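Undergrad: Here are the chains, one letter per residue:
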Amino acid sequence: MKGKSAKHGDSGMPPELNARLSELQAQSRSPSREDVAEVVGEMLQSLEGDLSEVNLKVYAELEGLAKYILSAKREIAALRPDDITSEHLPKATDELDAIVGSTEDATNSILQAMELLEGLTPQMPAEVAEQVTNAVTQVYENCNFQDITGQRITKVVKTLKHIEDRVEKLVAAFGDEIQKYRETHPRDEQPKAGDEKLLNGPQLPDEASKQAEIDALLASFD
Amino acid sequence: MSVDMNMNILIVDDYKTMLRIIRNLLKQLGFNNVDEATDGSMALQKLRDKDYGLVISDWNMEPMTGIQLLREVRADSKLKNLPFIMITAESKTENVVAAKEAGVNNYIVKPFNAATLKTKLSSVLGNF
Numbered sequence: 001m002k003g004k005s006a007k008h009g010d011s012g013m014p015p016e017l018n019a020r021l022s023e024l025q026a027q028s029r030s031p032s033r034e035d036v037a038e039v040v041g042e043m044l045q046s047l048e049g050d051l052s053e054v055n056l057k058v059y060a061e062l063e064g065l066a067k068y069i070l071s072a073k074r075e076i077a078a079l080r081p082d083d084i085t086s087e088h089l090p091k092a093t094d095e096l097d098a099i100v101g102s103t104e105d106a107t108n109s110i111l112q113a114m115e116l117l118e119g120l121t122p123q124m125p126a127e128v129a130e131q132v133t134n135a136v137t138q139v140y141e142n143c144n145f146q147d148i149t150g151q152r153i154t155k156v157v158k159t160l161k162h163i164e165d166r167v168e169k170l171v172a173a174f175g176d177e178i179q180k181y182r183e184t185h186p187r188d189e190q191p192k193a194g195d196e197k198l199l200n201g202p203q204l205p206d207e208a209s210k211q212a213e214i215d216a217l218l219a220s221f222d
Numbered sequence: 001m002s003v004d005m006n007m008n009i010l011i012v013d014d015y016k017t018m019l020r021i022i023r024n025l026l027k028q029l030g031f032n033n034v035d036e037a038t039d040g041s042m043a044l045q046k047l048r049d050k051d052y053g054l055v056i057s058d059w060n061m062e063p064m065t066g067i068q069l070l071r072e073v074r075a076d077s078k079l080k081n082l083p084f085i086m087i088t089a090e091s092k093t094e095n096v097v098a099a100k101e102a103g104v105n106n107y108i109v110k111p112f113n114a115a116t117l118k119t120k121l122s123s124v125l126g127n128f
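Same order as they appear, the protein sequences are chains A and B.
According to this note's numbering, the first sequence is numbered sequentially starting from 1.
According to this note's numbering, the second sequence is numbered sequentially starting from 1.
Here chain A stands alone, though its shape is the one from the complex (with noise of 0.2 Å):
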């Protein structure tokens, strides 16, 4: 570099910045992001005398790039991806197990329903008895969608796992970023109001109200 004053050493950078770096590469860990800005802001700083039109490029380049990268941390922050892991991906996997407890519930009472209708066919004349078994055995073999659905259903909810554990790692690698982007841009969304406050179901089965719990309320009211 041009102009290089009498303080910087043999590798052309100053001893204090020489030795940070030797400090960074001795430790086992990736540097952080706050060690490299701060080496990067010290050899900046260390730049000296009269710099050429290719080092202003450089320095400009490099300013731009970091002023892109704080943009996109503060676009990616103002996601929120914290309430990804919190809130939307564990209220999905509730909705899916909620599918799954509830097709085989259903489908245990259709079951349930076949098999007593079939244990009638020794009362039937024979050739109704055969067409209510036949019958009997397509809702048998059609009942399999049970197995199937919750299947699928499950691999659902390990990818939204797998997804879970990215974004986590995400946010961990943000530090305390999102903590700071929530506490100075506090939500503007407008609360639900009127008739969309109302429109929340269907409830997972440990949030709905019985019947009778709402047959109770409406009595209340007389």
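Simulated from the structure, these hints should not be mistaken for lab results.
Since we're looking at a predicted model, the values are computed, not measured.
Fair warning: there could be bad hints in the mix.
[Stated by the list, open to error] Chain A stretches covered by chain B per the calculated footprint, using a threshold of three residues with CB under 8 Å from any CB of chain B:
| # | region |
| --- | --- |
| 1 | 100-112 |
| 2 | 144-153 |
[What the hints assert, rightly or not] Covered stretches of chain B (chain A as the covering partner; in silico rule of three or more C-beta atoms under 8 Å from a C-beta of chain A):
| # | region |
| --- | --- |
| 3 | 6-18 |
| 4 | 86-93 |
| 5 | 96-109 |
[Unchecked claim] 20 Å max Cα-Cα, derived SDA-like pairs, lysine to any residue:
| # | chain 1 | residue 1 | chain 2 | residue 2 |
| --- | --- | --- | --- | --- |
| 6 | B | K118 | A | A135 |
| 7 | A | K155 | B | V124 |
| 8 | B | K120 | B | N32 |
| 9 | A | K91 | A | K155 |
| 10 | A | K155 | B | M64 |
| 11 | B | K118 | A | T133 |
| 12 | A | K158 | B | M64 |
| 13 | A | K155 | B | E62 |
| 14 | B | K118 | B | M7 |
| 15 | A | K73 | A | N144 |
| 16 | B | K27 | A | A129 |
| 17 | B | K27 | A | V136 |
| 18 | B | K118 | A | N142 |
| 19 | B | K16 | A | A106 |
| 20 | B | K27 | A | T133 |
| 21 | B | K118 | A | K155 |
| 22 | A | K155 | B | N81 |
| 23 | B | K27 | B | V124 |
| 24 | A | K161 | B | E62 |
| 25 | B | K27 | A | Q131 |
| 26 | B | K16 | A | E115 |
| 27 | B | K16 | A | I153 |
| 28 | B | K92 | A | R152 |
| 29 | B | K92 | A | T149 |
Think of the CB as a built atom: it goes at the ideal place given N, C-alpha and C, for glycine as much as any other residue.
Here the structure of chain A is known, so what remains is to put chain B in place on it, guided by the hints.
TA: Same frame as chain A, but now just chain B:
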């Protein structure tokens, strides 16, 4: 050779509804002595405690899968010749090949119908 319609059959699946469906279809075919297990390890215990003429097992179960159960059965000197039918949603060629290499007698892909079950049972046990 006639098929022993009174033989004990063990059906293995982690979905209770599927166990119920297979049991009902077997009953329609005339097999009434049917026991159930919800994974390979439970099935293996039952197979060692009682005499069975046939195992019909799902593949995808925890902690012990159907293929692991099959390998355990074939490695057991007392159970190694037990007829074993895999009934599963795993329909890739590599699955069928792996099951065949492990010693499966027949393979049914879910969703299946009663006619397929009867055909496969006849193939393994003989006509009934």
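Undergrad: All hints, please: hold or fail.
TA: Here's how the hints hold up against the structure:
1. 100-112: That given contact holds, which follows from 4 residues of the region 100-112 of chain A lying within Cβ reach (below 8 Å) of chain B.
2. 144-153: holds (count 7)
3. 6-18: With 5 residues in contact (Cβ-Cβ under 8 Å with chain A), the coverage given for the region 6-18 of chain B holds.
4. 86-93: violated (count 1)
5. 96-109: violated (count 0)
6. B:K118 / A:A135: 17 Å, holds
7. A:K155 / B:V124: 32 Å, violated
8. B:K120 / B:N32: 18 Å, holds
9. A:K91 / A:K155: Holds, at roughly 16 Å.
10. A:K155 / B:M64: 18 Å, holds
11. B:K118 / A:T133: The given pair, whose Cα atoms are some 15 Å apart, holds under the 20 Å limit.
12. A:K158 / B:M64: It holds: about 19 Å lies between the C-alpha atoms, which stays within 20 Å.
13. A:K155 / B:E62: 14 Å, holds
14. B:K118 / B:M7: This hinted pair holds, its Cα atoms lying about 16 Å apart.
15. A:K73 / A:N144: 48 Å, violated
16. B:K27 / A:A129: 15 Å, holds
17. B:K27 / A:V136: The hint holds at about 13 Å.
18. B:K118 / A:N142: Holds - the C-alpha atoms of N142 (chain A) and K118 (chain B) are around 16 Å apart, at most 20 Å.
19. B:K16 / A:A106: Since the Cα atoms of K16 (chain B) and A106 (chain A) sit roughly 13 Å apart, the hinted pair holds (cutoff 20 Å).
20. B:K27 / A:T133: Holds, at roughly 12 Å.
21. B:K118 / A:K155: 30 Å, violated
22. A:K155 / B:N81: 34 Å, violated
23. B:K27 / B:V124: 18 Å, holds
24. A:K161 / B:E62: Roughly 18 Å between the alpha carbons, so the hint for K161 (chain A) and E62 (chain B) holds.
25. B:K27 / A:Q131: 17 Å, holds
26. B:K16 / A:E115: Roughly 15 Å separates the two Cα atoms, so the pair holds.
27. B:K16 / A:I153: Holds, at roughly 16 Å.
28. B:K92 / A:R152: 15 Å, holds
29. B:K92 / A:T149: At roughly 18 Å apart (the allowed maximum being 20 Å), T149 (chain A) and K92 (chain B) satisfy the hint.
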